[in-house]
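Residue numbers (numbering that gives the first Met the number 0), protein chains in the order written: chain H, 0 to 454; chain W, 0 to 270.
Honestly, the hints are just simulated from the structure, not real lab data. You may find that some hints are simply not true.
Not the full set, but computed from the structure, chain H residues with beta-carbon under 8 Å of chain W [unchecked claim]:
#1 E383
#2 L394
#3 S395
#4 E398
#5 Y407
#6 H409
With a straight-line Cα cutoff of 30 Å, these simulated DSBU-like cross-link-like pairs (lysine-lysine) come out [as the list claims (entries may be wrong)]:
#7 K238(H) <-> K293(H)
#8 K114(W) <-> K322(H)
#9 K54(W) <-> K322(H)
#10 K295(H) <-> K322(H)
Here the structure is a predicted model, which is why all the values come from computation and not from measurement. C-beta atoms are modelled at their ideal positions from N, C-alpha and C, and glycine is treated no differently.
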Amino acid sequence: MTTLAAPPTAFGRETFDAYVERLVEPAWVTERRQAAFDSYTELHGVELDPEEFKRVDLRILRPEKFALQTDASESAGFETRMQQARFAGHVAHVDGHCVRSELSEELAAKGVLFGDLATLLREHGDVLEPHLMTRGVRPETDRFSAWHAAYFTGGTVLYVPRGVVVKEALHSLIAHATDGVADFCHTLVVLEQGAEAVLLEETASANDDLAGLHVGAVELLLAPESRLRYVQLQNWNEKSFHFAHQSGRVEKDARLQWTVGGIGGKLAHVHQNVELDGRGADAEVNGVTFAIDKQKLSYFTQQTHHSPDTRSDLLYKEVLRDKARVVWRGMIKVDADAQRTDGFQRCDGLILSDDARADSVPGLEIEADDVRCTHAATAGRVDEEEIFYCTSRGLSEYEAMHMIVEGYFHEVYDRIAPSKRIAGWDDECDTPGDPLEVVRDTLSAAVLEKLDLGD
Amino acid sequence: MPSKLTIKDLHVSVGETPILRGVDLEMNQGEVHALMGPNGSGKSTLAYAIAGHPKYTVDGGSILLDGEDVLEMEPSDRARAGLFLAFQYPVTIPGVKVHDFLRHAISNVRNPDRKEGEELISMREFRKELRDRMSEQRIEPEFARRYLNDGFSGGEKKRMEILQLAMLKPKFAFLDETDSGLDTDAVNFVSESVRRLSTENEMGVLIITHHDRLLQYNVPSITHVMLGGRIVETGGAELAQELHTAGYEKIRERHPEAAVEQAEQEQVAGV
Ligand SMILES: Nc1ncnc2c1ncn2[C@@H]1O[C@H](COP(=O)(O)OP(=O)(O)OP(=O)(O)O)[C@@H](O)[C@H]1O
Ligand SMILES: [Mg+2]
Numbered sequence: 000m001t002t003l004a005a006p007p008t009a010f011g012r013e014t015f016d017a018y019v020e021r022l023v024e025p026a027w028v029t030e031r032r033q034a035a036f037d038s039y040t041e042l043h044g045v046e047l048d049p050e051e052f053k054r055v056d057l058r059i060l061r062p063e064k065f066a067l068q069t070d071a072s073e074s075a076g077f078e079t080r081m082q083q084a085r086f087a088g089h090v091a092h093v094d095g096h097c098v099r100s101e102l103s104e105e106l107a108a109k110g111v112l113f114g115d116l117a118t119l120l121r122e123h124g125d126v127l128e129p130h131l132m133t134r135g136v137r138p139e140t141d142r143f144s145a146w147h148a149a150y151f152t153g154g155t156v157l158y159v160p161r162g163v164v165v166k167e168a169l170h171s172l173i174a175h176a177t178d179g180v181a182d183f184c185h186t187l188v189v190l191e192q193g194a195e196a197v198l199l200e201e202t203a204s205a206n207d208d209l210a211g212l213h214v215g216a217v218e219l220l221l222a223p224e225s226r227l228r229y230v231q232l233q234n235w236n237e238k239s240f241h242f243a244h245q246s247g248r249v250e251k252d253a254r255l256q257w258t259v260g261g262i263g264g265k266l267a268h269v270h271q272n273v274e275l276d277g278r279g280a281d282a283e284v285n286g287v288t289f290a291i292d293k294q295k296l297s298y299f300t301q302q303t304h305h306s307p308d309t310r311s312d313l314l315y316k317e318v319l320r321d322k323a324r325v326v327w328r329g330m331i332k333v334d335a336d337a338q339r340t341d342g343f344q345r346c347d348g349l350i351l352s353d354d355a356r357a358d359s360v361p362g363l364e365i366e367a368d369d370v371r372c373t374h375a376a377t378a379g380r381v382d383e384e385e386i387f388y389c390t391s392r393g394l395s396e397y398e399a400m401h402m403i404v405e406g407y408f409h410e411v412y413d414r415i416a417p418s419k420r421i422a423g424w425d426d427e428c429d430t431p432g433d434p435l436e437v438v439r440d441t442l443s444a445a446v447l448e449k450l451d452l453g454d
Numbered sequence: 000m001p002s003k004l005t006i007k008d009l010h011v012s013v014g015e016t017p018i019l020r021g022v023d024l025e026m027n028q029g030e031v032h033a034l035m036g037p038n039g040s041g042k043s044t045l046a047y048a049i050a051g052h053p054k055y056t057v058d059g060g061s062i063l064l065d066g067e068d069v070l071e072m073e074p075s076d077r078a079r080a081g082l083f084l085a086f087q088y089p090v091t092i093p094g095v096k097v098h099d100f101l102r103h104a105i106s107n108v109r110n111p112d113r114k115e116g117e118e119l120i121s122m123r124e125f126r127k128e129l130r131d132r133m134s135e136q137r138i139e140p141e142f143a144r145r146y147l148n149d150g151f152s153g154g155e156k157k158r159m160e161i162l163q164l165a166m167l168k169p170k171f172a173f174l175d176e177t178d179s180g181l182d183t184d185a186v187n188f189v190s191e192s193v194r195r196l197s198t199e200n201e202m203g204v205l206i207i208t209h210h211d212r213l214l215q216y217n218v219p220s221i222t223h224v225m226l227g228g229r230i231v232e233t234g235g236a237e238l239a240q241e242l243h244t245a246g247y248e249k250i251r252e253r254h255p256e257a258a259v260e261q262a263e264q265e266q267v268a269g270v
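So that you can see chain W by itself, here it is in the shape it has in the complex:
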């Protein structure tokens, strides 16, 4: 049975500042959703909250994965339960090699009950798989021995996120501006990869983006529009299209209250 992710009335703050003010969102495995909204509206905050970033405090609401309380889980358990966040700004970890990091990640995600120190997946099996995925993703094998994101270009970091997605095969993936920082060819290539991975693995994908290419390859069945920490509109693929051409002016007009909150948020952030 396909899994279901249900977010209800989610309130999230950073420090003392409320960012998300009641977000509702429902996704089934296999569906593609788009999440759009102006800078600072709270898209990344939602993604972080789902993944369990400790800086983002959940003040209210719920996130359920097939009825299980995600908010009760540690970030590691969320990953093991099949949630994956492709970071808008992937983190550099000096001294930690890509292959070593991924071998641990895979071992835990495939064997969710694994405790630290217990056996990792066999090197032979892992090596073959990583090499295959790297070649599919057109990533040079040398990257396996490099330190995670250390000295990677902006585009290379994003490609590395997709490689991890391909290895971890989650039930739900949240792609936070994975298309930014990529050149035109890379955007096309990554968009196609996401399409293939999501259909092959029946992933649910939430695409956060300010561009249209990724959505042309991965046509969303539902588009959510965020403003001032709320999802103010929901529509189909055509809504995403409209926003790409017309911007958020009309959205602000239609939702004056959220627009005020958005403006305040922008002021705080100095956008």
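Isolated chain H (complex conformation):
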């Protein structure tokens, strides 16, 4: 396995000291960075968990090709499809630096904090201190979490006070605009008791050619009875590397709906961890990936039930073609006293060409005796009968394929934004659609584009 004695020089002691020197942030943050850097150094002597990394080819990652950027690139104009929707606030980072931070006055007046981590650490450090990398993503987990915790370069923070319900969606963009950029953006969402919010986050590259490295972390911390819908759509170009530790903690009677999209990336590895901490906690986890060419996407998901009467339901849908490879390793863990747990996980792979490969490995570790846990993994080709049925009605093969692949994702779309209206079909009505409809649109545009490319 991959073990090194020391961190790569590009991110070694000298770089770290110089970086920390430049930052203006509270002392406790710098102290945490220092501790994380020590872990980062030590962890290079420790083998990565083979269960998690066995099928992830880290040899193609060359850290020395990437570096922190001192400012946001000039060419920082991003117009993503998602941004066309209406949001109550935006935060955007380019090359690890905040370029946009807006929140509707109405929400700000209610005490909602939504902005970039660097600024909010200075202005509201006391609010963030108990949450930042203490309960969600822990720096010492492995060398990627430590790397991130030492170097994090700002990021997006959403804090919703007790009982405040935010119906409009908020938007976060993490972008790369410079070849060789390394960014360590962090996403921290804290919902206090009974709070509600919707956050749509996406990643993007300014063009198809720049190579970028993202070592990120996502923390979703849900106090009792709160509700969060969170989407992260990974949409880098195919030259980029994406590593992320993502953690959701769901307390008593809180509900998390969490969707990850994997569209871009040369190599991506996501460690997604959802923990049902309090009785009655509920988490729905959705994944949609479409990998083409030589893309390698890997997901390591854990659903951990710590309390009784909790539910978790994971559904990943993958489409692959060309020489793409997608790995999913899933685990449901149930603690001894987490009785009456409902735990589900399913991963489906749809394979469009002979050389594409999907590996799906579900797993269960159950210590309680009164639980309902199921897992499933399927992989298959597009059914020839479905194609024929479509073509026998006049659809071209490409049209048929497009419809079937889109249809394949619909099970997830229907979970995240059950569309009641059909554009043009239903009589126009004034009620705005679900904010997550924009996610469907973005994914569906990506499907079209991906089917068009290559052979």
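Start from chain H and add chain W with the ligands according to the hints.
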């Protein structure tokens, strides 16, 4: 001028197994034909071969539509040329909505040169038409937003095939046991629909069936009887009647050679 479909000496196999062993059939637009025969005799195979199913290999013979070589056409082009197969077992396509599917189908069939990505027929026009056809077919409007055949009952799937027939208005329709799986009222209703659609649109209809109701509403001018992959007898409406009451015993006796082949086919299939 009414179109003409001509099938000559058609040989079709699935994998290594020959199924059709020389089928001849001629149909004009506006005519109703019945195709009967025992289970496994090759009726669906003929229908699939006409529609161009890739699993059914044509080893010999020809299918011409007004002199044009149908066998040279992709399935999609056959549909655009005016051929329609109502499936014995309609396929479920999860995640694909009925209205979206039909809008694409209609756009291509009405504008055979349309390339993918080019404009679809206008939503307004399409919406009105689909709603009208659905109400004529007594199909709840909600079905337009459901996924194609997903969770449909057996009967609902067959009704959906007829709805598609009504929307696509082909020159020739091949109805493969459209009457099976329907309750008595539905059989009557669908039989009447087929009669109306075929006269209104001057369709040629080939009805594959094991029952008599559909043929009472749509009296065939010609009845073909298939046995062992061949059409062994051709007659009028009375032949269909006779088969409904007397079965295929006499047919087998009159065509011992085909009966042997039929028996072999049945053995392979374990009928
Ligand atoms: N895709 C297939 N794979 C293997 N065998 C097939 C296939 N399709 C047809 N056959 C075989 O070809 C023969 C004819 O089948 P076909 O479906 O055409 O019969 P049919 O006349 O439509 O019967 P039924 O009245 O039961 O619908 C059968 O022996 C069947 O098993
Ligand atoms: Mg049949």
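Output the numbers, in ascending order, of every earlier hint that fails for this structure. Violated hints: none; all satisfied.
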